[in-house]
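Asker: Chains A and B supply the protein sequences, listed in that same order. Heads up: the first sequence runs through residues 1 to 308, numbered per the working numbering. Heads up: the second sequence runs through residues 1 to 290, numbered per the working numbering.
Wrong hints could be hidden among the right ones.
Quick list of simulated restraints, FRET-style, between CB atoms [stated by the list, open to error]:
#  : chain 1 : residue 1 : chain 2 : residue 2 : range
1  : A       : Ala-108   : B       : Phe-42    : 30 to 38 Å
2  : A       : Ala-125   : B       : Asn-91    : 49 to 57 Å
3  : B       : Met-213   : A       : Ala-198   : 49 to 57 Å
4  : B       : Lys-129   : A       : Ser-24    : 22 to 30 Å
5  : B       : Leu-200   : A       : Ser-9     : 29 to 37 Å
6  : B       : Leu-32    : A       : Asp-178   : 47 to 55 Å
7  : B       : Met-213   : A       : Asn-16    : 54 to 62 Å
8  : B       : Gly-93    : A       : Asp-165   : 52 to 60 Å
9  : B       : Lys-129   : A       : Trp-13    : 19 to 27 Å
10 : A       : Asp-22    : B       : Ile-220   : 50 to 58 Å
11 : A       : Ala-125   : B       : Leu-43    : 30 to 38 Å
12 : A       : Lys-177   : B       : Met-213   : 49 to 57 Å
Hints were generated in silico from the structure; no laboratory data involved. Idealized CB from N, CA, C, for every residue including glycine.
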Amino acid sequence: MTTVIETKSLSKWYGNVLGLSDVSLEIEAGITGLLGPNGAGKSTFMKLITGQMKPNIGGVTVRGEEVWNNFRLFRKIGFCPEQDAFYEDVTGWEFLTGLLRLYGFRPAEVTGRAARALEIVELTADKDRKIRSYSRGMRQRVKFAQSVAHDPDIIILDEPLSGLDPLGKRRLIRLVKDFQSEGKTIIVSSHVLPEIEAMTSRIIMIHQGKILAQGDIHGIRDLIERYPHMISVRCADARAVAARFVQDPSILKMSFGPDARSLVVETHNRDAFFSRLQSVVLETGIEVEEISSPDDNLQAVFDYLVVR
Amino acid sequence: MATVREKGYYHWEGRLTESRFPWWPITRTGILLAFKKRGFRFLFAGAFLPAVVFLAGIYISERLEDFKFMVRGSERLININPAYFKTYLANDGILFLMIMVLVLGCAGLISDDLKHNSLQIYFSRPLRKQDYLLGKMAVVFFFILIVTLIPGLLLFVFKLVFAGSFKFFLDYPWLILSVIGYSLILTLFFAFYTLLLSSLSKNTRYVMILLFMIYIFSDILYGILNGIFRTPLMALFSIKANLQQVAAFVFAEKLPHAVPVFWSFLVLAAVCGLSALVLHRKIRGVEVIR
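Throw the hints in and build the complete structure from the sequences for me.
Answerer: And the structure:
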């Protein structure tokens with residue numbers, strides 16, 4: 001895959017506040033999740049890669065072109081900011097058409113694109129209402145619409161799912177995945193990890209302006225082998241299985257569910273545990289109903305990397 | 001139960017074109033938003049009243065015999081000459097009306113963008129800072145030129161029409177240039193003045209107060225300082241006095257204050273320069289963390 005966005009030693013600070021520190025990344029086409037708590041530097045990163053801010057050190061290239069001061073490149077980029085960014089007194093239609101005019105589209109194209117964008121976010125019926133009267137979810141949708149209305153190759157979405165109801169989130173996630181299938185490059189930021197997980201397994205974790213990890217969620221999980229893996233085993237006799245593992249040095253902790261049918265194990269060596277579990281099952285003949293890894297999700301990885 | 005339909009995205013097949021006037025959508029939005037204010041519409045319509053009065057003056061001046069009963073002893077007031085045009089463009093009333101147009105229609109030009117975080121939306125598009133500022137300035141140009149240049153030129157044309165000859169034009173062939181020149185100076189100054197103050201706060205009400213008060217208080221300050229120091233130089237503190245000084249120069253009339261007109265030009269240019277500096281520093285695509 002070819003690199004679409006590349007940052008080299010990207011650093012940005014505001015006075016004595018560090019926004020981003022020495023970030024070197026290569027982002028390919030498809031969906032990339034940008035994860036981090038509030039104030040981690042996600043928005044700074046997004047504004048740097050959309051050319052809205054000049055880095056103090058380093059640079060950003062989009063498809064090989066330097067993005068800063070290259071305003072023609074902005075045609076290829078769609079940006080959905082985290083905060084509301086519209087006049088309350090204009091209608092959704094006026095908001096979208098006004099912004100589309102900035103691209104120099106002909107009037108017929110402006111109306112066609114605005115209508116299409118409103119249709120995909122299902123705001124056509126409310127297009128003539130003032131934004132002042134829009135709900136939080138509708139505002140989020142119209143903001144998303146403005147970021148895709150000009151058919152950009154690269155879509156940068158800063159917390160796009162915040163404020164949406166579950167159905168709205170599902171629709172937007174589906175829409176983002178549709179864009180991915182068109183070969184577009186999408187960067188989605190969030191601090192709500194399951195939301196990102198629903199869209200992509202390719203993530204960048206950012207904290208205090210630094211990149212903590214980048215890659216596939218499972219790959220990142222492997223990077224943090226020094227932290228324990230949590231594995232849940234549901235079977236007919238959880239205590240019998242536990243007894244077989246008590247002497248295993250890779251096991252750090254074991255606990256039981258309320259019905260004594262589930263065993264939760266923390267281990268340093270997941271592969272060794274699974275290998276041993278197979279032997280135990282064969283030896284004891286205990287029927288295993290389910291094996292899951294409750295912490296093999298972004299929340300767990302994030303907690304390990306950031307909190308601990 | 002209704003079916004939930006998922007909608008995909010359809011590509012637009014059109015061609016991307018380069019806009020020759022990237023600032024125009026900004027201007028269009030600014031004008032649109034100003035006219036959404038009911039009070040502004042009323043005021044803006046009222047701003048044409050002086051033009052109607054001056055037009056009536058021109059008509060009466062050409063029909064003095066018919067209106068003798070009205071203008072008895074006041075013929076001097078409707079003597080149509082460059083001073084008449086200067087009076088139209090630089091009298092206290094029209095300048096005050098312009099300030100009110102700016103207060104109600106243009107105070108939010110930048111402050112509303114700051115308040116609504118719109119700059120990041122604008123600057124993530126193919127729009128340069130200069131396009132953005134030009135677009136905002138064009139809003140002020142639109143509102144001020146429409147009450148200065150357009151009526152000024154129409155008054156000139158109507159003078160010729162009512163007179164039925166080109167004598168007036170031949171007497172003052174430079175007058176059209178004066179009308180155009182002064183209207184542009186006035187508009188350029190007000191554009192910088194408005195954008196400077198509009199960029200200082202996210203609170204549009206605060207900007208409205210500033211726009212009004214600085215104009216008024218600069219004149220009051222002139223009055224106070226003139227009372228204390230008894231020197232016409234104090235007129236340089238007054239926005240209105242400087243504009244009227246420049247108007248007198250452009251229309252080849254006697255200067256109202258015994259101060260070289262160069263100084264008035266310099267004061268107005270300094271305000272514009274300060275505005276350009278502040279705008280350059282304030283207009284950024286992103287909020288700055290403090």
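Asker: Give a verdict on every hint.
Answerer: Going down the list of hints, with the structure as the test:
1. A:Ala-108 - B:Phe-42: 30 to 38 Å: holds, 35 Å
2. A:Ala-125 - B:Asn-91: 49 to 57 Å: For Asn-91 (chain B) against Ala-125 (chain A), whose Cβ atoms are near 52 Å apart, the range 49 to 57 Å holds.
3. B:Met-213 - A:Ala-198: 49 to 57 Å: At 54 Å between Cβs, range holds.
4. B:Lys-129 - A:Ser-24: 22 to 30 Å: holds, 29 Å
5. B:Leu-200 - A:Ser-9: 29 to 37 Å: holds, 36 Å
6. B:Leu-32 - A:Asp-178: 47 to 55 Å: violated, 33 Å
7. B:Met-213 - A:Asn-16: 54 to 62 Å: violated, 36 Å
8. B:Gly-93 - A:Asp-165: 52 to 60 Å: Given about 56 Å between the Cβ atoms, the range holds.
9. B:Lys-129 - A:Trp-13: 19 to 27 Å: holds, 22 Å
10. A:Asp-22 - B:Ile-220: 50 to 58 Å: Since the Cβ atoms of Asp-22 (chain A) and Ile-220 (chain B) sit about 56 Å apart, the hinted range of 50 to 58 Å holds.
11. A:Ala-125 - B:Leu-43: 30 to 38 Å: Roughly 36 Å apart at Cβ, these two residues keep to the hinted range, so it holds.
12. A:Lys-177 - B:Met-213: 49 to 57 Å: 55 Å Cβ-Cβ, so the 49 to 57 Å window holds.
Consistency with the previously given hints fails for numbers 6, 7, ordered from lowest to highest.
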